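Number of protein chains: 4
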Amino acid sequence: MNSFGQIFRLTSFGESHGRGIGGVIDGCPAGLEIDMEFIQNELNRRKPGQSKITTQRNEADRVEFLSGIFEGKTQGTPIGFMVWNQDQHSNDYNNLKDVYRPSHADYTYIQKYGSRDHRGGGRSSARETIARVVAGAIAKLLLQKQGIRIDAFVKRVGEIELQKSYKDIDLSQIDSNIVRCPDAEVAEKMIARIEEAGRDRDTVGGVIQAVIQGVPTGFGEPVFNKLHADLGHAMLGINAVKGFEYGSGFEGTKLSGSEHNDIFIKTESGIRTKTNNSGGIQGGISNGEDIYFNVAFKPIATLLKEQHTVDKEENETVINPKGRHDPCVLPRAVPIVEAMAALVIADHYLLNKINQI
Amino acid sequence: MNSFGQIFRLTSFGESHGRGIGGVIDGCPAGLEIDMEFIQNELNRRKPGQSKITTQRNEADRVEFLSGIFEGKTQGTPIGFMVWNQDQHSNDYNNLKDVYRPSHADYTYIQKYGSRDHRGGGRSSARETIARVVAGAIAKLLLQKQGIRIDAFVKRVGEIELQKSYKDIDLSQIDSNIVRCPDAEVAEKMIARIEEAGRDRDTVGGVIQAVIQGVPTGFGEPVFNKLHADLGHAMLGINAVKGFEYGSGFEGTKLSGSEHNDIFIKTESGIRTKTNNSGGIQGGISNGEDIYFNVAFKPIATLLKEQHTVDKEENETVINPKGRHDPCVLPRAVPIVEAMAALVIADHYLLNKINQI
Amino acid sequence: MNSFGQIFRLTSFGESHGRGIGGVIDGCPAGLEIDMEFIQNELNRRKPGQSKITTQRNEADRVEFLSGIFEGKTQGTPIGFMVWNQDQHSNDYNNLKDVYRPSHADYTYIQKYGSRDHRGGGRSSARETIARVVAGAIAKLLLQKQGIRIDAFVKRVGEIELQKSYKDIDLSQIDSNIVRCPDAEVAEKMIARIEEAGRDRDTVGGVIQAVIQGVPTGFGEPVFNKLHADLGHAMLGINAVKGFEYGSGFEGTKLSGSEHNDIFIKTESGIRTKTNNSGGIQGGISNGEDIYFNVAFKPIATLLKEQHTVDKEENETVINPKGRHDPCVLPRAVPIVEAMAALVIADHYLLNKINQI
Amino acid sequence: MNSFGQIFRLTSFGESHGRGIGGVIDGCPAGLEIDMEFIQNELNRRKPGQSKITTQRNEADRVEFLSGIFEGKTQGTPIGFMVWNQDQHSNDYNNLKDVYRPSHADYTYIQKYGSRDHRGGGRSSARETIARVVAGAIAKLLLQKQGIRIDAFVKRVGEIELQKSYKDIDLSQIDSNIVRCPDAEVAEKMIARIEEAGRDRDTVGGVIQAVIQGVPTGFGEPVFNKLHADLGHAMLGINAVKGFEYGSGFEGTKLSGSEHNDIFIKTESGIRTKTNNSGGIQGGISNGEDIYFNVAFKPIATLLKEQHTVDKEENETVINPKGRHDPCVLPRAVPIVEAMAALVIADHYLLNKINQI
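Residue numbers (the working numbering), protein chains in the order written: chain E, 40 to 396; chain L, 40 to 396; chain C, 40 to 396; chain B, 40 to 396.
Calculated directly from the structure, the hints in this document are not laboratory data.
No experiment lies behind these values; they were computed from the predicted model shown.
A virtual CB, placed ideally from N, CA and C, is assigned to each residue, including glycine.
Fair warning: there could be bad hints in the mix.
Claimed, not checked - Lysine-lysine pairs mimicking DSSO-like chemistry, simulated, CA-CA at most 30 Å apart:
(1) C:351 <-> B:351
(2) B:228 <-> L:112
(3) E:112 <-> B:136
(4) C:313 <-> B:203
(5) B:392 <-> C:305
(6) L:136 <-> E:313
(7) B:136 <-> C:344
(8) L:313 <-> L:344
(9) C:351 <-> B:313
(10) E:305 <-> L:206
(11) E:112 <-> C:392
(12) E:351 <-> L:305
As the list claims (entries may be wrong) - Simulated restraints on C-beta separations:
(13) L:185 <-> B:198: 58 to 64 Å
(14) E:224 <-> L:306: 47 to 53 Å
(15) L:83 <-> C:343: 47 to 53 Å
(16) C:343 <-> B:206: 53 to 59 Å
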């Protein structure tokens, strides 16, 4: 239940205010060179305190590998790793111990397990996604060898939307600004919108778009594990995600079939489609075109505002949290979206090796 | 890869124009009374030829159970079943044998497997969903015992949308019309829209909404198998689905956190939330409120229109399919959405039995 | 729970006196030619009534494939199949409905599931192994392409043992006699011993040895899924099996390490070992030598003798079963042992494709 | 591939001479009190250097929990843990870097993965079983609550065998001597035999017997996951194990069915069997009687003797290892056998909660 993937498989563990966040990657092939700097950089893209628009929790978030790598290469054995917690401020949460914060997992955890680690969300904290970013970074290294590239960027913050197709923007510029929207003008507006939410002690949601380029034909399993179904599963498992659509998505459902169908054409580089409403996936299997999808993030639940709620004794009460908060989770969620996409694609890359005799 | 679920687990097999569609349900507890009429009725809701707005393929689609049921009850042993194909018209497809129909799985199957059963889509045909409807019907019987009810309905066809909340409509009326939209007036417009698409030899897409009532707190696993992530996975595995959103969904991402948070209140029936933007799920775990979600269906790819494409020898060509087609898949997809939701909820119902010592 | 294998995966269903025994094979690569005669022959080697020393239940046991094969080849899609029951004599079991036969699964099934299909053992019947033989036959076809050959033979019946090494017998002669011991002289004694048990209305057990030749180095996963651990798991899942040993087995534990170690030598065909106490597996991974192991079968529990027991109301009683019985299960178990070995090796053959980048 | 169990599931990682050995336990129910002293004591029973007859590698082997435990209780979240390596002496292995030690995993690892961590066996080292002992200790704590008790002891060393039934010995005395055979007289002979092997710079094998008491009826799944099949799988996954038998085992195959069958009788404590050749398992499911089985351990491959072998360049060579070795692995393997049995039983205890509606 804390594992993800069939062959390339991550098992995640750890809590927000326990010893740290860790994971085990099983099924990574032997012989992959591990670029430690690249992995740490992916973690840095996720870490709190990286810019003025993210939470000021100050964590170094350095990954320590515990197994599976020898002389700089994977060994085919499980890769254990750990990111130790440091800036924990557990006591900040003592006054929230016995109340159920609105739209958090406090109430549902107690109902499910009979108890919970109340410190900073415990296991339900988005800090758990550290394990996904580390594993995703290794998946990215594996996929790079196959010429596969995964990019995600912030497409919308609140009402402020990047109106361009991903084809008309420079994906290499995603990290050129702190909001991770590769359009300077729109990025500026997004940053202002997030700062406004921060000042309001409130939060704002939005949409991340991801693009996967270089996937050959044949990835994906036809029925329950369609490539987009596994991608959707991965995305919906990220904290605060409320929706997923790929290719033409919800809007495309308004087209007629004759408008929506992607006509096959013959090109110098083989069979291609004229349009790409299919989002690079047909019948659940990659067709060689770009894979692209949108992920909806709600405004996260942690506000620094007075809110009515109920406590463990079922008395109504009021909370007024103090401290730090993350007015918009999207810039830091970009590497998480990329990481989960990488895990899915790496898994299907390996599964695809055994289709034919 | 053709199995779905952790504990309550369906394995599906069969092709559109082979012997039939079958499945095996493993993990269904012993002692469940099997209401054969109910199961057959669920299949009838899915079957082609059921009304003037669906494909006229004429299949009885009668389920035959092969194992696991004795004296009317499940035995805890695997439940095998089969729905034999009858009205196959395989020869209709001979002229499509060597071409790649636009936005179908023809090309990707060949690329993945090196060959394909070209007759009617083979394994990629939506006919495979028969297995899901049978298994879902048994899951529904199991969940009914727990007071859990699952309803889906057509919310939008092309641009024609039912603008009401599910709370303001009578879910018992879903099957009162052939389009399965429980609002007579909107249903009539939807039917007209589908008939128009049929006359155009074209197709039209839309949205199905599902509502799950009576789920207690505690279903769902916190990290990768969040209840909504498994629901999304299930929905995105249905043919023609392009998107999934639950609770406040994509629109909710435009709210601020203070607007979006669901305040806990104390009621006579225990702790509840004032609003339900969470869609009944918090931290991936059910909170006792109604679970609701939307599923986007593209206009399906099978048209009776002339279309440009490419054949197996990579020559450009034109196809002009004849025969029958389904102008809108949504009315028949309603029981499929319900079935897949039932499989997910049944699985989490069983998983939830082992949370606490 | 009714599935076996990670990638090449069999799901089995069916009861002894229900509609039949079926299965689904998922994960078989596309493009494998299916030799129907070979598969049916494997079933014939398992079927009852094949000789004077087996049960006289008279079943044709013809396999009917339901999916996954098109134009004589696998398609990469799940292969469903069914062997229909015919000679059921269900009424024979009515008098056993309410008693617990000694050393059968009657009592444990009732305790586990609250009810059971009492007809002929239901799901606990060895008739279920039909599914394994069909799937194993397909696995054998896949492995033959890799030059891998699996042979099992009866090594001991009661106290009568074939004292030779498998290297000193002609494995092509296994089916040359009805007891499947490839030594005419010993076979004759075994047959006499089985006939004696039959006349006594009693049963006799023994040992089957299996030899797998042609496995290259590298099959097996180092920790929990050591190649021999998966083989043992497979064998111990066969009805009536009480023990498993590979290579030097229980006897080898009496040697010292310096006697037991297999010295590596250089040969024309590469690195080999001088002896093979390791049974072709070191550290859980195949080393290129022959894999061989022994499987212990108890005398099966179905006797035609008066026996004391207890009924459902917990009253002591006496049963005196009539009808047919199988005095020795070993000759018919030979193809089952081979089939399960084939499933394990096929699975590891596929897993082994993804070890290295 | 490095995970074990369906519900109560251990994922293991780590190498002999890397950072340490770790694991993640997923699926442990919430609310279990963790007795740290008990867990550490189990580790101490496994650790090297504990007595004069084990290897003198000197490791503290202290377990550090990384997640999943809060205020002394499990939380239902994954339990990560680590045992750091200390006394590594990696350089001892430099001279073995390029040779294949006889009957070790050196050659097969290189063949499978293309490279290997040569230091002390790396992942193939029995040091990996630390993860199993920690997880097994938690499984034991869970099972103790259900009144289930698991004991293993050394039954044979070389030719020296404890000839008594486990019923005639005092299982509470297993740890009363360093060889873990609960019969002082036999233990003394075993110790002398092991010391002799040590002086010879050689090794000696033998048999461990395990007894599981207090398992209620109903544990085990009828087909592939028979309770004894899962136990056998677990045991055969332990380093150096060559065989497994339960109940009457290999010897019982020489009985006739009428001798072997266990007659049901009515007792004050309900239905029981008069004899227990079934080893507490019928049809793969526990019947309430004691479960007992034997595990064969070969003499381990690490000797301090001159041996012929081959190196990486395929040249024949001679090795003459120096340093420390373990003349007999059985005393330290006792807690490993118990741990693996506990993992299997805990898993089936949880699975058994979902048999019936």
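Check your understanding: Which of the stated hints cannot be reconciled with the structure, identified by number in ascending sequence?
Key -> 1, 2, 4, 5, 7, 8, 10 and 16
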